[in-house]
Amino acid sequence: MTLLDVQNVTMKFGELVANDRVSFTVEAGSIVGLIGPNGAGKTTLFNCISGLYKPTGGRIVFDGEDITGLKPYRIARKGAVRTFQVVRPLKDMSVFDNVLVGAFLRSSEKREAFDRAAECIRLCSLESLQERPAGDLSIGGKKRLEMARALATRPKLLMLDEVMAGLTSTEVKASVEVIRRLRESGITMMIVEHVMEGIMPIADKIVVLDGGVKIAEDAPKNIVHDPRVIEAYLGSKYSKRYRALRGDGPLG
Amino acid sequence: METFIQVLIDGMLSGMVYALVAAGLCLIWGVMDVINFAHGEYLMVAMYVSYWLGFLANVDPLMSTVAAGAFVFVLGVLTYKLIIRFTIGKPGLVALLATFGLAMFLKNVCMNLFSPNFRILSGTFLSDKTFHLGGLIFPVPQLTAAIMAVIVVGLVYALVSGTRFGWAVQATAMDRDAAELMGINTERIYVLVFGIGGACVGIAGGIMPSYLAVHPEVGSMFGLIAFICVAMGGFGSIPGAFLAGILVGVVESLAGFYIAPVFKYIAVFGLYLAVVFLRPKGILGW
Amino acid sequence: MVNSLQRKAFTRKDAVWLVFLAILALLPLLPVVTANSFRMHVMILILLFASMAQAWNIIGGYCGQVSFGHSVFFGIGAYGAGMAVVTYGGLPWPGILIGMIVAAIVAVIISYPCFKLSGHYFAIATFAIVEIFNRAFLVWDWIGGALGLDYPLADEGLKNLMWHNSKVGYYYCALVIFVLIFGIVRWLESNRFGYYMRAVREGQETAESLGVNSTAVKLTAMALSAAMAAICGAFFVQYNLRVDPPMVMSLDMSMKFVLVTILGGSGTLVGPLLGAAVLIPMQEYTRALWGGLGGGVDLIVFGLLIILMVIKQPAGMIGIVRDVRSWFFKKRDAAKGDVPYDTP
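Chains as they are written, first to last, in my numbering: chain A, 1 to 252; chain B, 1 to 286; chain C, 1 to 344.
Worth flagging that the hints you see were computed from the coordinates, not collected in a lab. Careful: at least some of the hints might be erroneous.
Stated by the list, open to error - Partial list, derived from the structure: chain A residues whose beta carbon lies under 8 Å from chain C: (1) 24; (2) 88; (3) 153; (4) 154.
Said to hold, decoys possible - Derived DSS-like pairs: lysine-lysine, alpha-carbon spacing no greater than 30 Å straight-line: (5) 173(A) with 240(A); (6) 330(C) with 13(C); (7) 12(A) with 281(B); (8) 90(B) with 330(C); (9) 13(C) with 110(A); (10) 71(A) with 116(C); (11) 281(B) with 90(B); (12) 116(C) with 90(B); (13) 78(A) with 116(C); (14) 264(B) with 116(C); (15) 240(A) with 205(A); (16) 110(A) with 78(A); (17) 110(A) with 91(A); (18) 281(B) with 116(C); (19) 330(C) with 91(A); (20) 156(A) with 78(A); (21) 78(A) with 12(A); (22) 312(C) with 90(B); (23) 91(A) with 54(A); (24) 156(A) with 12(A); (25) 264(B) with 91(A); (26) 264(B) with 281(B); (27) 91(A) with 156(A); (28) 240(A) with 221(A); (29) 91(A) with 116(C); (30) 159(C) with 90(B); (31) 81(B) with 156(A); (32) 116(C) with 54(A); (33) 312(C) with 81(B); (34) 71(A) with 156(A); (35) 71(A) with 173(A); (36) 205(A) with 71(A); (37) 281(B) with 71(A); (38) 331(C) with 91(A); (39) 156(A) with 110(A); (40) 173(A) with 156(A).
For glycine and all other residues, C-beta sits at the position ideal for the given N, C-alpha and C.
Here chain A stands alone, though its shape is the one from the complex (with noise of 0.2 Å):
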């Protein structure tokens, strides 16, 4: 079933095209990976699906419903959740406090909240930390704390933007495991990265933008056989590396 249907999405800013006319889906229980070089537009598309913008054209349907240009808070009660690339804790609130706000989304009544906070916490591996103000954190630690808090409101849909830029590779690793368990549970999720090693491996689909554009949308597979894609973003060493670990192609 499909969950999220971006049709024709176009986002303007005056002269600027960020978006011009992206589509794609994203099928209920996937993972989806969003990919391309900077500028592409990724986030510019996150902000439209998430209400932080109002598309110039182009419809947005979530669960057989349209919620195009609806305010970011309507979206997120209707299920489809975003982290922020540039993470924003809330800083003078303890981590739990963060993601208790998180919880308060589906659970009005404390006790139902507290439990729920305290299990994604433990998910994201913040226990240590949950009393400290979440300003204190690393960034790895403010990482998986915006991924915790938006986990908390029970989201149906999961956008995360680039929760593994700047983790060393141990705790990339770490993070594609919470993803797999979080996919095993039930959540869709759609994954901005630039760290490859961190969406290729997990991703059921991968679409790609370059210049506002989309270029491919595709198995991870075949994306890195993909010529455009490989001029555009990956470069050919990355994608003969991949074919390589993955068995298929001549080194394999």
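Dock chains B and C against the given chain A, drawing on the hints supplied.
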């Protein structure tokens, strides 16, 4: 019709003085993002300086504007070094409350030293003179003040937009860290900007005893009006503050004459709300 | 920062509050307290200003929208009660209720457009609103204009909310208001609305991305805050037996709301009380000692103190308490040989 133009002229003259007071505040706000709640009290202090020079030493306010301007320049520098310096980087409320305390301090020091009595400087060079053009009356003190205001605002604007110092000021305003990295001594810029901002209002206050009574409360309303002008004109825009000042003066004058004196300020503050609800960044704000 | 891991509805801190309130309730039984009318007056003012500050704390401290317009709501509350008694010759109670409702409605109407403004523009807009109301009330004949309202002498007692011979009645009244407002804030603080208010303060866009309707939160907080401020205004007029526009609807009065909260510690439950408990005696005693010297020496001192407090410890007295506590604990832990916690 003639009455209308007369009322308009009166408004423009006082508006230009508002613009001068506002320009000083605009500079401070634009560069440091600080609302100087004591700005009106700076005006009051300048008026007292000018008054006492006139009363005790027979110096005409025309001459003592310079002294008043210099005095408030120093006052501004001191304010920065002793108070504002500690509020940079903290939420805006801190500077606002600190300068509120300063305003209370200055007002009551003057009340204590000089008593709350209204003081009028009589027999100055300009007072009681009027200039006639057609059927219109231009009171000379107000006219002089307005002309001075325009000149000083023009000078300040030229300074900020056309000189190397001015560019350093603008750079500091836009991004203090980046400016530091470019070799600009931003601390010194802050000190000078506070001083210059003070000097602007000091010059305004210097000439005012020619036509206004001096008393400890005289600055409060000017201060509020300065905030209104700066905010209406748009953050950091000196031309905006100037336009807003004139607009406020005109609206005040028209409302006071055609409706009722008490409506002067209702109209002015109402104007601010109307402008800012329609254009949340002010008329020319960035 | 609230430590919210405490899930119990009734915590140890609440127990401390109850004991404190019991002491406050019993104070007037001590003749040493009631004998001195000035002392009672100061205590009543402390309770009143603590309540006022706590009312402002809802929108200004917890929700982070620094408004300088609260004297308008204070004034509406005062005039509500005042009109009921003076203009309509009745009991103050219906006037108090109407005052609260009107204040809440006015708050929502004027703050809705103001919330579209950011930072300093918002603050200045609230100044503008106070000044407009101030002058409008001066020329509004129905409410008494510049002359204000003077209370006629009535029988004392709870019905008329007026006491003549001793201040004890007023004291208990102020105490009830204090308990009410602090109780409401305590309840808000630990429930969803309190967290949403703080989220809006810390990052409005972030809160929105988590499903928080920030506009609704801000308007609700503002309405509550205004209604509480109005109750305080009603008490004020019943205590003062007189009201006129400059007395209640002034920028100075608005600044009091803000100052007491900030100097005590905004966004905390006990901050407003600390602020009032320190500032009001300071204000009243300096006025008693030096006000007679003429020329506001008390205000000169006050102004200097504000400057010092604000720049030295912007977190207010709560910040001072915390600093002292952590200094004390650090010494104790150092003596025990504990290593300080490192940020991961």
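Hints versus structure:
| no. | hint | in the structure |
| --- | --- | --- |
| 1 | 24 | violated (22 Å) |
| 2 | 88 | holds (4 Å) |
| 3 | 153 | holds (6 Å) |
| 4 | 154 | violated (10 Å) |
| 5 | 173(A) with 240(A) | holds (21 Å) |
| 6 | 330(C) with 13(C) | holds (22 Å) |
| 7 | 12(A) with 281(B) | holds (22 Å) |
| 8 | 90(B) with 330(C) | holds (26 Å) |
| 9 | 13(C) with 110(A) | holds (19 Å) |
| 10 | 71(A) with 116(C) | holds (15 Å) |
| 11 | 281(B) with 90(B) | holds (22 Å) |
| 12 | 116(C) with 90(B) | holds (23 Å) |
| 13 | 78(A) with 116(C) | holds (25 Å) |
| 14 | 264(B) with 116(C) | holds (26 Å) |
| 15 | 240(A) with 205(A) | holds (19 Å) |
| 16 | 110(A) with 78(A) | holds (21 Å) |
| 17 | 110(A) with 91(A) | holds (22 Å) |
| 18 | 281(B) with 116(C) | holds (10 Å) |
| 19 | 330(C) with 91(A) | holds (24 Å) |
| 20 | 156(A) with 78(A) | holds (8 Å) |
| 21 | 78(A) with 12(A) | holds (26 Å) |
| 22 | 312(C) with 90(B) | holds (12 Å) |
| 23 | 91(A) with 54(A) | holds (28 Å) |
| 24 | 156(A) with 12(A) | holds (28 Å) |
| 25 | 264(B) with 91(A) | violated (44 Å) |
| 26 | 264(B) with 281(B) | holds (24 Å) |
| 27 | 91(A) with 156(A) | holds (27 Å) |
| 28 | 240(A) with 221(A) | holds (11 Å) |
| 29 | 91(A) with 116(C) | holds (23 Å) |
| 30 | 159(C) with 90(B) | violated (49 Å) |
| 31 | 81(B) with 156(A) | violated (55 Å) |
| 32 | 116(C) with 54(A) | holds (18 Å) |
| 33 | 312(C) with 81(B) | holds (14 Å) |
| 34 | 71(A) with 156(A) | holds (18 Å) |
| 35 | 71(A) with 173(A) | violated (35 Å) |
| 36 | 205(A) with 71(A) | holds (28 Å) |
| 37 | 281(B) with 71(A) | holds (22 Å) |
| 38 | 331(C) with 91(A) | holds (27 Å) |
| 39 | 156(A) with 110(A) | holds (22 Å) |
| 40 | 173(A) with 156(A) | holds (24 Å) |
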